[in-house]
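The listed protein sequences correspond, in order, to chains A, B and C. The numbers in the numbering used here rise by one with no breaks, and the one at position 77 of the first sequence is 77. To convert a position in the second sequence, counted from 1, into the numbering used here, add 101. To convert a position in the third sequence, counted from 1, into the numbering used here, add 726.
Note that these hints are calculated values from the structure, not bench results. Just so you know, not all the hints are guaranteed correct.
With beta-carbon atoms standing in for the labels, derived distance ranges [stated by the list, open to error]:
id : chain 1 : residue 1 : chain 2 : residue 2 : range
1  : C       : 825       : A       : 55        : 51 to 61 angstroms
2  : A       : 55        : B       : 692       : 50 to 60 angstroms
3  : B       : 692       : C       : 744       : 40 to 50 angstroms
4  : C       : 774       : A       : 55        : 21 to 31 angstroms
5  : B       : 697       : C       : 837       : 57 to 67 angstroms
6  : C       : 760       : B       : 664       : 51 to 61 angstroms
7  : C       : 829       : A       : 86        : 18 to 28 angstroms
8  : C       : 732       : B       : 689       : 33 to 43 angstroms
9  : B       : 705       : C       : 837       : 29 to 39 angstroms
10 : A       : 86        : C       : 732       : 37 to 47 angstroms
11 : B       : 689       : A       : 2         : 56 to 66 angstroms
12 : C       : 732       : A       : 55        : 28 to 38 angstroms
13 : C       : 825       : B       : 692       : 26 to 36 angstroms
14 : C       : 760       : B       : 292       : 54 to 64 angstroms
Only pairs whose alpha carbons sit at most 25 angstroms apart, straight line, appear in this in silico SDA-like list of lysine to any residue [stated by the list, open to error]:
id : chain 1 : residue 1 : chain 2 : residue 2
15 : B       : 689       : C       : 758
16 : C       : 838       : A       : 92
17 : C       : 840       : A       : 2
18 : B       : 157       : B       : 221
19 : C       : 838       : A       : 4
20 : B       : 509       : B       : 381
21 : B       : 689       : A       : 98
22 : C       : 840       : A       : 76
23 : C       : 838       : A       : 63
24 : B       : 218       : B       : 115
25 : B       : 221       : B       : 556
26 : C       : 838       : A       : 71
27 : B       : 218       : B       : 459
28 : B       : 689       : B       : 668
29 : C       : 838       : A       : 93
30 : B       : 464       : B       : 549
31 : B       : 218       : B       : 111
32 : B       : 274       : B       : 672
33 : C       : 840       : A       : 85
34 : B       : 509       : B       : 672
35 : C       : 838       : A       : 65
36 : C       : 840       : A       : 87
The beta carbon of each residue, even a glycine, is placed where N, CA and C say it ideally should be.
Take a look at the letters that make up each chain.
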Amino acid sequence: MEITTGWYLVLGALLFVIGGTGLLIRRNPLVMLMCVELMLNGVNLSFVAFARQLDDIGGQTVVFFVLVVAAAEVVVGLGLVVAILRRQPGATADDLSALRG
Amino acid sequence: MVELVWLVPTLPLFGFCLLLLTGHLLGEPRAGWIATIAAGASFVVTLVVFVGLLGKDSHGGERSYEFILFEWLPAGSLKVEAGFLVDPLSITMALFVTGVGALIHLYSIGYMHEDPKYSKFFLYLNLFLFSMLMLVFGNNLVVTFLGWEGVGACSYFLISFWHERDSAATAGKKAFVTNRVGDWGFMIATFAIWSALGTVTYTEISHSPAMSAATGTAVSLLLFVAAAGKSAQLPLYVWLPDAMEGPTPVSAMVHAATMVTSGVYLLVRMNSVLTDDALLVIAVVGGATALFAALCAVAQHDIKKVLAYSTISQLGYMFLAIGSGAYVAAIFHVITHAFFKALLFLGSGSVIHGMHDEQDMRKMGALRVAMPITAGTFIVGWLAIAGVPPFAGFWSKDEILLAAWEQKNIGPLLWAVGLVTALLTAYYMSRQVILVFFGEQRWEEDVHPHESAWTMTAPLCVLAVAAIAGGAINLPLIKDWLVLEHFLEPIFHHPHHFSSGTATKIVLAIISVVAGLIGISIATLVWLMRRIPSDNLEPEFLENAMYVDSTYARVVGGVGTSSFQKTADFDAEVVDGTVNGVGRLVTKVGQLIQPTQSGYMRNYAVGVAIGALAIVVVLAWGLLL
Amino acid sequence: MIVYAGAIVVLFLFVIMLLGVDRAQNLELSILPIQRWAALVFAAGSLVILGALIVVVNEPVTGAEAMGGTASGDENVRLLARSLFSDHVYAFELTSLLLVIAVIGAVVLARKPKDIQSATIEEPGNN
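Chain A with its partners taken away, still in its complex shape:
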């Protein structure tokens, strides 16, 4: 059984979907951030798979940049999460509902 690009793509899709579902279901901000990371990495995997299949270095360049931005985002995001959870240990994403109509 040969492992073709398709397998990697499937794995990437799985990662993405699991991350997305987790993002929609979980309430804890830290967990949500981790789910976002999952999604990003699923996409990264797809890019790399395509870069390999299509013989294009552009895919890997994109991954490079995605990783950098993800890192920066995680840094700031975690800083925020720490700041919020320090004040209010039980805070969830559902606490902000002032804009309801």
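Since the structure of chain A is already known, use the hints to place chains B and C on it.
Okay, now just chains B and C, sitting in the frame of chain A:
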């Protein structure tokens, strides 16, 4: 000089505005004099315009002048201007409207003495004069309609002038509502004319090709409905007798000399549109109205009601003339009628004033001693309306009877109706004169009748002269003396020529004079000399105007009101309900959608996710298939 | 890869240990019941679509040109570096700037809040 025509309606409008703003400050009698001067100046300008118009035709040019103020309603292919048309017909109407109007303004100064709403009366009179002049001078149907509505509104204001009296307020409403039926006819006719001919301007209408017979008859009949409303013909005459609730100068001006003739003017103006079938209907209705009103007038006790029914009857004569094709005869009668009817009304006003607001003729009598000038002028008016030569009424009425005789379908029948009406007219007018001015005095002890002030008697004298000499404008004896007919000739495409021989004309004239004399003598026998008892001659049936009015009231109040109510309910429930229902539907839908705005970020994230998914599906659809 | 495993995941671990987030979420307390079903729809739908696309589509869709060859092994890094520093140098510099901003932001966020009193006293010329 013809260009000054714009001044003619503007002067009374200016008087109206001035009195509106400063009327109660000016007070009595200055407000009255301002209004009278405005009306008099308007008459003078009309004379100037008349002379200017006469000069226009000197070398075969067209005797008409159109003066456009501005473009009023440019809407696609419909072009309505605010314009004046000065031609023989409009200048003739304007001359007697402003002339008689100015005299009545002068009369009102004395009549409305010590009335608390003195200045208000004059501003309404000026507004009325303005509207009437717009009606007459308008160069298209829409400007005429503006004046038409204006005179209707002023008639309402003036009839219910003493609105503290319930009967006056009701009479005003009745006049307005009945007129509205006529206005409906006017509007539909205007729309139909525009849709058939593409224009509403008079000069273009008279030069347009004829409409199809059906359209033409429909339009003519609709115009006649409008005229019947305004000029009080069957069945829309019911407002006129009630309109006597207004002050007598109003009855003279609006309901005798001017407003009620606007229907006649409209039909004469639109003569190129009227079809023969419609003309027959008009003649029949006119004749029937004339006879009906004359019968009702025989049994009235109120001095003004007699004159009201007499007006309806004389208007019937005018429509009879139009229906027989003799438009000039109709206009001639309009003019002479304006003179003698205004004279009679003003005279009756003088009597009422002198008798301290007593209007029942049974309480008058032998007033010629106490009020000689009033009596003298009233008698002149009486002779004119009775058709006694050489007074003005004889010539115009005779011309109408001749035209009726020559009407091609039922000429002799119409002539007979006209003749009987003439007899009745002579009878009831003589009855009125005798009851009021002759016989024994029947008034109470504390009433001291006196002659009226010069502001009231002077117009009476002027009108009396006009009633005597007015026939001179269209004497049929010699062709050159038919001044009015020649003057009005450019208006008509098919000028009417009398086809009877001179012998027939003379015989018919003699018969009508004899009929008039018979009427006068019957009245003298019954009322003056008491040779014949008068009990059977005033049946209640006629006194209540054949119960037409009360029948209307019962129908409209009974069946009518319930159907009106149903229409109103339909409007409120179905029409309004639909509109409101749309609003309610929107609110409901909004309420249904409201849960999506939960304020929770995760919900919105779900929306984003599923939306993105949908977009991917759409984009990938082509690839997958 | 090293960046990721070494830095970011470790960072996550630090925060989790700091905040003690380990209790499972109480699913019954969900305020929005529709959320779970919508997430399910999303999951199923996405899997289906993506799976279908992966299976069905065999040739390139957009037809864009390759940016540079991919060789395996050492060549890879060189090509990557070449691509980064020539074609995408602007983006590269911007990302470095972004990282600096992120660091500064994190430092600011993580500070314990001072009292307001001490902030005003430190202003010069205020006595």
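**Pairwise hint evaluation, residue 4/A against residue 838/C, where the allowed Cα distance is 25 angstroms at most** = Outside the cut-off at roughly 52 angstroms; violated.
**Prompt:** Given the proposed pairing of residue 221/B with residue 556/B, does the C-alpha separation stay at or below 25 angstroms?
**Reply:** Distance ~19 angstroms between residue 221/B and residue 556/B Cα, so the pair holds.
**Message:** Looking only at beta-carbon atoms, does the pair residue 732/C, residue 689/B fall within the given range of 33 to 43 angstroms?
**Reply:** Given about 58 angstroms between the Cβ atoms, the range is violated.
**Asked** Does the Cβ pair residue 825/C, residue 55/A satisfy 51 to 61 angstroms?
**Response** 30 angstroms Cβ-Cβ, so the 51 to 61 angstroms window is violated.
**Request:** Measure nothing beyond the straight line between the CA atoms of residue 840/C and residue 2/A; if it is 25 angstroms or shorter, mark the hint as holding.
**Result:** Violated: residue 840/C and residue 2/A sit about 61 angstroms apart, past 25 angstroms.
**25 angstroms limit on alpha-carbon distance, applied to hinted pair residue 218/B and residue 115/B** = holds, 20 angstroms
**Prompt:** For the pair supplied as a hint, residue 689/B and residue 668/B, is the alpha-carbon distance within the 25 angstroms limit?
**Reply:** violated, 29 angstroms
**Supplied distance hint 54 to 64 angstroms, evaluated on CB atoms of residue 760/C and residue 292/B** = Cβ of residue 760/C to Cβ of residue 292/B: about 60 angstroms, so the range 54 to 64 angstroms holds.
**Message:** For a C-alpha distance cap of 25 angstroms, please report whether residue 838/C and residue 63/A respect it.
**Reply:** violated, 35 angstroms
**Item:** Range hint 28 to 38 angstroms (beta carbons of residue 732/C and residue 55/A) holds or violated
**Value:** holds, 30 angstroms
**Prompt:** residue 840/C and residue 87/A: Cα distance at most 25 angstroms?
**Reply:** holds, 14 angstroms
**Message:** residue 838/C and residue 65/A were given as a pair; does the straight-line alpha-carbon distance stay at or below 25 angstroms?
**Reply:** The hint is violated at about 32 angstroms.
Checked against the numbered hints listed earlier, the structure breaks hints 1, 5, 8, 10, 13, 17, 18, 19, 23, 28, 34 and 35; every other hint is satisfied.
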